[in-house]
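Asker: Residue-level listing of the chains:
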Amino acid sequence: MVLKIFFPQCCNRADSGLLVGQWIPGHGSAVVLAVIHYPFIPGQVKRYIQQMQDQSGVELSVLGSWSLPKEGQEGMESFLRDLSTIFPQDRWLQISRQIGKMGFTCEVLTWDQNLKAFQPEAKKKKDNEDTESDVDAEHEEKEEEVEEKVIFIHYEQRKVMLSQLHPVENGVPSPKTDAPSELRQMFQTVAHSQPLFFLDKYDDGPLRSTHWQSEGREASIIVELLKQASVPLCLLITWLLSIWTWICNMRIFSLYPLRFLSSKLSTCVQLNYRTEHMTTLSSPTPAIGHTEFMRKANMLVSFLVDVALGMLLISWLYRDNHITMLANTLVPAADHVAKELNELLQWLMGAPAGLKMNRALDQVLGRFFLYHIHLWISYIHLMSPFIEGILWYGGLSACFGLTFALSLLSDMVALLTFHIYCFYVYGARLYCLKIYGLSSLWRLFRGKKWNVLRQRVDSCSYDLDQLFIGTLLFTILLFLLPTTALYYLVFTLLRLVVVFVQGIIHLSVDFINSFPLFAVGLRICRPYRLAEGVKFRVLCDEPGTALHLLMEINPLKCGTVVQTYRSPTYSCYPKDSWAALVKKLFVGELIYPWRHKSTKTD
Amino acid sequence: MGPDSAPGPAVPWQKVLWERQPYPDNYVDQRFLEELRRNEGIRQYQYWAVVKEVGFVGQQLSCVAIFITLWLYMEQGLLSPEMLLSTSLVCALLGYGVHQALTSQVESACEPRTRLADLQSATIFLSFTFGFSPVLKTLTESVSTDTVYAMSALMLLAHLVSFPYAQPSPPGSLSLNAALFASVCLASRLPGALHTFAMLSCALLVFALWPCLLQKLRENAPNQFTVVCVCVCLGGVGGLGSLLPGGAVLLALALGSVTLLCPLLLVRLQRHKDNIHGPWDEAEIHEDLSRFLH
Numbered sequence: 001m002v003l004k005i006f007f008p009q010c011c012n013r014a015d016s017g018l019l020v021g022q023w024i025p026g027h028g029s030a031v032v033l034a035v036i037h038y039p040f041i042p043g044q045v046k047r048y049i050q051q052m053q054d055q056s057g058v059e060l061s062v063l064g065s066w067s068l069p070k071e072g073q074e075g076m077e078s079f080l081r082d083l084s085t086i087f088p089q090d091r092w093l094q095i096s097r098q099i100g101k102m103g104f105t106c107e108v109l110t111w112d113q114n115l116k117a118f119q120p121e122a123k124k125k126k127d128n129e130d131t132e133s134d135v136d137a138e139h140e141e142k143e144e145e146v147e148e149k150v151i152f153i154h155y156e157q158r159k160v161m162l163s164q165l166h167p168v169e170n171g172v173p174s175p176k177t178d179a180p181s182e183l184r185q186m187f188q189t190v191a192h193s194q195p196l197f198f199l200d201k202y203d204d205g206p207l208r209s210t211h212w213q214s215e216g217r218e219a220s221i222i223v224e225l226l227k228q229a230s231v232p233l234c235l236l237i238t239w240l241l242s243i244w245t246w247i248c249n250m251r252i253f254s255l256y257p258l259r260f261l262s263s264k265l266s267t268c269v270q271l272n273y274r275t276e277h278m279t280t281l282s283s284p285t286p287a288i289g290h291t292e293f294m295r296k297a298n299m300l301v302s303f304l305v306d307v308a309l310g311m312l313l314i315s316w317l318y319r320d321n322h323i324t325m326l327a328n329t330l331v332p333a334a335d336h337v338a339k340e341l342n343e344l345l346q347w348l349m350g351a352p353a354g355l356k357m358n359r360a361l362d363q364v365l366g367r368f369f370l371y372h373i374h375l376w377i378s379y380i381h382l383m384s385p386f387i388e389g390i391l392w393y394g395g396l397s398a399c400f401g402l403t404f405a406l407s408l409l410s411d412m413v414a415l416l417t418f419h420i421y422c423f424y425v426y427g428a429r430l431y432c433l434k435i436y437g438l439s440s441l442w443r444l445f446r447g448k449k450w451n452v453l454r455q456r457v458d459s460c461s462y463d464l465d466q467l468f469i470g471t472l473l474f475t476i477l478l479f480l481l482p483t484t485a486l487y488y489l490v491f492t493l494l495r496l497v498v499v500f501v502q503g504i505i506h507l508s509v510d511f512i513n514s515f516p517l518f519a520v521g522l523r524i525c526r527p528y529r530l531a532e533g534v535k536f537r538v539l540c541d542e543p544g545t546a547l548h549l550l551m552e553i554n555p556l557k558c559g560t561v562v563q564t565y566r567s568p569t570y571s572c573y574p575k576d577s578w579a580a581l582v583k584k585l586f587v588g589e590l591i592y593p594w595r596h597k598s599t600k601t602d
Numbered sequence: 001m002g003p004d005s006a007p008g009p010a011v012p013w014q015k016v017l018w019e020r021q022p023y024p025d026n027y028v029d030q031r032f033l034e035e036l037r038r039n040e041g042i043r044q045y046q047y048w049a050v051v052k053e054v055g056f057v058g059q060q061l062s063c064v065a066i067f068i069t070l071w072l073y074m075e076q077g078l079l080s081p082e083m084l085l086s087t088s089l090v091c092a093l094l095g096y097g098v099h100q101a102l103t104s105q106v107e108s109a110c111e112p113r114t115r116l117a118d119l120q121s122a123t124i125f126l127s128f129t130f131g132f133s134p135v136l137k138t139l140t141e142s143v144s145t146d147t148v149y150a151m152s153a154l155m156l157l158a159h160l161v162s163f164p165y166a167q168p169s170p171p172g173s174l175s176l177n178a179a180l181f182a183s184v185c186l187a188s189r190l191p192g193a194l195h196t197f198a199m200l201s202c203a204l205l206v207f208a209l210w211p212c213l214l215q216k217l218r219e220n221a222p223n224q225f226t227v228v229c230v231c232v233c234l235g236g237v238g239g240l241g242s243l244l245p246g247g248a249v250l251l252a253l254a255l256g257s258v259t260l261l262c263p264l265l266l267v268r269l270q271r272h273k274d275n276i277h278g279p280w281d282e283a284e285i286h287e288d289l290s291r292f293l294h
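Taken in order, these protein sequences are the chains called V and D.
Every letter in the first sequence is one number past the one before it in full-length UniProt numbering, and letter 194, counting from 1, is 194.
Every letter in the second sequence is one number past the one before it in full-length UniProt numbering, and letter 31, counting from 1, is 31.
These aren't lab readings, by the way, just hints derived from the structure by calculation.
Watch out, some of these pointers could steer you wrong.
With a cut-off of at most 16 Å between alpha-carbon atoms, the simulated EDC-like pairs for lysine to aspartate or glutamate come out as follows [claimed, not checked]:
no.	chain 1	residue 1	chain 2	residue 2
1	V	K448	V	D463
2	V	K356	D	D146
3	V	K449	V	D463
4	V	K557	V	E532
5	V	K201	V	D15
6	V	K356	D	E19
So these bits of chain V aren't anywhere near chain D, every CB distance computed over 12 Å [as the list claims (entries may be wrong)]:
no.	residue
7	R184
8	T285
9	A351
10	P385
11	F474
12	L478
For glycine and all other residues, C-beta sits at the position ideal for the given N, C-alpha and C.
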């Protein structure tokens, strides 16, 4: 049985005293948290430990004694032995260190029920020497008494207290299944016993102790000031939000066309999303647990970064009359797109790519689409005096953040390419009708029909007139299919280009919204805060002293950080797989790759 | 002990499974092959009877030839659509009368179609064909003529192959559809919309209604049926001969081989038939074997 003692590095040079800590149940290990120095009154120590236990919820106890004899302090052996009777425990550690020597020596005493006194269980001195040099000697000693090896694991108390040990991923097999749980318990013990570390040397209490904060408590003035300032700020934001939600919940907004429109406009979606963020951030209850805290911090940081980027954008937009320039280029651009479409339609109405199309249908479709473009162009020209104003006020929305400006841009792209969307819908509907008609008429052609109840194709005897009309329609649809398919293909490609542009904008908005900036910053500046595991380094392995290990924290990988702390958001990824998308395109169903999760349930 | 080895004990073998016998499970005795029967229930075909039956195939072949002839006449402008329409109308009325007469002979009570239903169907045919004929006219405008011919030939062949010669009265879906598709393709090559309409009406008459009348004739008046078949065959050969003599020769050869040679072959090959029946169960696999394919 190996006894592992987790020993804080800050206590290496502490004065002699009592070791306070916790035995980890189920594992042969003890976590030393602090050293309480002489002189003390045992009753006060017991009361203090009881008090700390109540505050922290950790089962604290006196583990043993620590002695670092200075000059003139000799013969404490019996005194230390006596201490064990004052603080009765199952096991009593007697750790001592001598100036000038590397390692510690440790004696473990067990409470002997019969003798009502501690018996030395193992002498750590020379123990290692025996085991390594001479097997026989060890054997002899083993016969005398049950030995126990002691391993000292030094840890940095501050880092361990602040770090969050992440669960091991299932993909990585851990060689010892019980080792992580022991480590986790140790991390939890250190993190929970924060009240123990509040006692510093400026306190006037009767006790003196050594731990990582014993030289003075660590705090930041800015953080404290921010904490103070956040309370009225949160109240203000909550008040504003309550007004905003009251406006949003007004009846007029829940009417059908407005609700439908707001679910389609990405600006409204982004507004909802930010409102949700702000509600979470301004809630008066503090974050419970690490994940909740990280979520809030990520939200806050991404919001701040978003606003900062938006401000940059504003400063660029409103400086050299960029707005007017944009407005002046927008109308010609729309005109240009319309002209290109016009030419495309003219090309389609001829013999595109040498394909032979049905001339009559070709002319009808082409004229229909041309008229549509004509309507669109007159609409744009009607709008053109107001475009600058719209852009000017729309640009102001960037002060809410870059994501708003991007969402607005996406909406504007959607509105300006509305004619392409219309073309696509007409083409797709026509094509879909043809495909479905052809597939069912093909079954009629073969004398079959689709049985809805059994979900299969059954044979069926049709009447003479049914057969005649069906075949007539089948022939007509078959010969008109290439024309419709070509129109559908061209407009689908146009639509896909627009969808691609919008998808990129949405992806960037989604990235800003959900990227865990705080967690990544923490990973870069304070790698120990997000721990994946630990690694041990051998400090001192001299014969004659116990094994000393230094525990260092392994930081989490950056990819895992992003994966773990990425906040859940509406995904604007295609909800279908690629094969399903291609199938939909082939059959002529309408595709909405930019559709959000919320609207998908409608 | 193998199945063929002589039985040791003197217990007589019984063909039962519920008694324990000193024989292997697959043992049979000498009487096994006594019950063997050959060619049970075989019909000895008479040559001329077969030829009579085959007449239907021959006349269907000729029908296709007649249709093509009519189309050729229309395309070359030798036949006016009005003429074809009026002839078709007369034929249809005549055929309808004969059909009614044949139906009233046999008092078959199973769902008799009323005159009104017949009129309704005829109205639907005519109105749809007339309404769609301008569309059909321009349908294959941009498709090359060779493609149209190839498609028509393929479809007419499909019609002939899939025609239900044994029971043609409700015309088979695939055969009728293929014939109509071919006629639409051919009709769209004609110079005017009225031509298209006339051609489609004619196609309806030839491919949809004529087989029904012929079936009635075969059931009720077998002698007249033979005469009609011969007439149609001669008409087909003659009609085709007036425009394409080579085609007429080919058609005549085809008709001869189908109606005379093929029955002769059937009757000759009949004597080689050897079909055995016995007291055994034939092994039939009813299980779904598709799971072994994966």
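Asker: Would you mind marking each hint as holding or not holding in the structure?
Answerer: Here is how each hint holds up against the structure:
Annotation: proposed proximity of K448 of chain V to D463 of chain V holds, straight-line Cα distance about 13 Å (limit 16 Å). Under the criterion of a C-alpha separation no larger than 16 Å, the hint pairing K356 of chain V with D146 of chain D is consistent with the structure, at around 14 Å. Restraint check for K449 of chain V and D463 of chain V: satisfied, since their Cα atoms lie roughly 13 Å apart, inside the 16 Å limit. Restraint check for K557 of chain V and E532 of chain V: satisfied, since their Cα atoms lie roughly 8 Å apart, inside the 16 Å limit.
Proximity of K201 of chain V to D15 of chain V is assessed by CA-CA distance (about 13 Å); at most 16 Å being required, the pair is judged to hold. Note on K356 of chain V and E19 of chain D: the hinted pairing is violated, with a Cα-Cα distance of about 81 Å set against a maximum of 16 Å. No Cβ of chain D comes within 12 Å of the Cβ of R184 of chain V; the nearest lies about 47 Å off, and the non-interface call holds. A cut-off of 12 Å between C-beta atoms confirms that T285 of chain V is not in contact with chain D; the least separation is 58 Å.
Its closest Cβ contact with chain D, about 8 Å, brings A351 of chain V to no more than 12 Å, contrary to its assignment away from the interface. Separation of P385 of chain V from chain D is adequate, the least Cβ-Cβ distance of about 46 Å exceeding the 12 Å criterion. A beta-carbon of chain D is positioned within 12 Å of the beta-carbon of F474 of chain V; the least distance is around 7 Å. The beta carbon of L478 of chain V is not kept farther than 12 Å from every beta carbon of chain D, the shortest such distance being approximately 9 Å.
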